[in-house]
Amino acid sequence: MKVLYFAWLRTKTGKASEEVSPPAEITTVGELMEWLAASRPGFAEAMAVPGVIRAAVNQDYAEPGHPLRPGDEVAFFPPVTGG
Amino acid sequence: MVRVQEAPFDPGAELAALTRGRTDVGAVASFTGLVRDVAGDQAISAMTLEHYPGMTEKQLAEIEAEANRRWPLQASLIVHRYGRMLPGEPIVLVATASEHRAAALEACAFLIDWLKTKAPFWKIEESPAGSRWVESRTSDDEAAARW
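Top to bottom, those sequences are chains A and B. Numbering of the first sequence is given in the numbering used here, commencing with residue 1 and proceeding in unit increments. Numbering of the second sequence is given in the numbering used here, commencing with residue 1 and proceeding in unit increments.
Incorrect hints may appear among the rest.
[To be verified] Short derived list, chain B residues pointing at chain A, Cβ under 10 Å: (1) E50; (2) T56; (3) L77; (4) H80; (5) W122; (6) I124.
[Said to hold, decoys possible] Cross-link-like lysine to any residue pairs, in silico, SDA-like; alpha carbons within 20 Å at most: (7) A:K15 - B:I124; (8) A:K2 - B:G54; (9) A:K2 - A:P67; (10) A:K15 - B:S131.
It is worth saying that the hints were derived from the structure and are not from the lab. Note that beta-carbon positions come from the ideal geometry of N, C-alpha and C, so glycine has one too.
Start from the sequences and build out the full structure, keeping to the hints where you can.
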């Protein structure tokens, strides 16, 4: 599964993307966030501020309950500031 | 049409191209967003926009399709830049063409309001105090929610 990080979440995690292989019991976006935070202090730090991290699965916005499938592209980022 | 690009663009030329050769358009509305040299009491020397290639185009296309579902548009255009840009340079252009003004004006406002809350772009401002990520504004969420 490919995970992407953008904006200050990228600088906090220290990487723009990574391949991850979470255990089978990780089946949703929210569970993946908890799993990533357990071994990535920068991600955990960002998650400590409730509601700040946004997620997308295969380039569409996704809520924490969104199901994950092998091969999904999952992205995490702060609120957008374009325009 | 949606374009995401690093290069500067000429809003006037884009608007002229939108209706070139057409005689059925009665109204064109547009919004151009520019880099300002000040934010609050801080001088801004440059701005850099990061984006999510692929998702950006997908979200902008969906926003444009939604505008075309809601209003009778004859043409629509979204141009958004990424990368580093200087004060005075254009960041974004949205434009709509319709037979009458109400549809063009409303669809134009809708496009920029939804773009600001849905398109995956993030700004960094450069100032004498250093670089910082721009924070999102609740007023932008409120503007998007009115549609």
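Quick rundown of the hints versus the structure:
1. E50: Check passed: Cβ of B:E50 comes within 6 Å of chain A, closer than 10 Å.
2. T56: Since the shortest Cβ distance to chain A is 8 Å, the answer is holds.
3. L77: This hint is violated: B:L77 lies away from chain A, its Cβ roughly 15 Å from the closest one there, beyond 10 Å.
4. H80: holds (7 Å)
5. W122: holds (4 Å)
6. I124: Holds - the Cβ of B:I124 comes within 10 Å of chain A, reaching about 8 Å at its closest.
7. A:K15 - B:I124: Roughly 18 Å separates the two Cα atoms, so the pair holds.
8. A:K2 - B:G54: It holds: about 14 Å lies between the C-alpha atoms, which stays within 20 Å.
9. A:K2 - A:P67: holds (15 Å)
10. A:K15 - B:S131: Holds: A:K15 and B:S131 sit about 19 Å apart, inside 20 Å.
In summary, the one numbered hint that this structure violates is 3.
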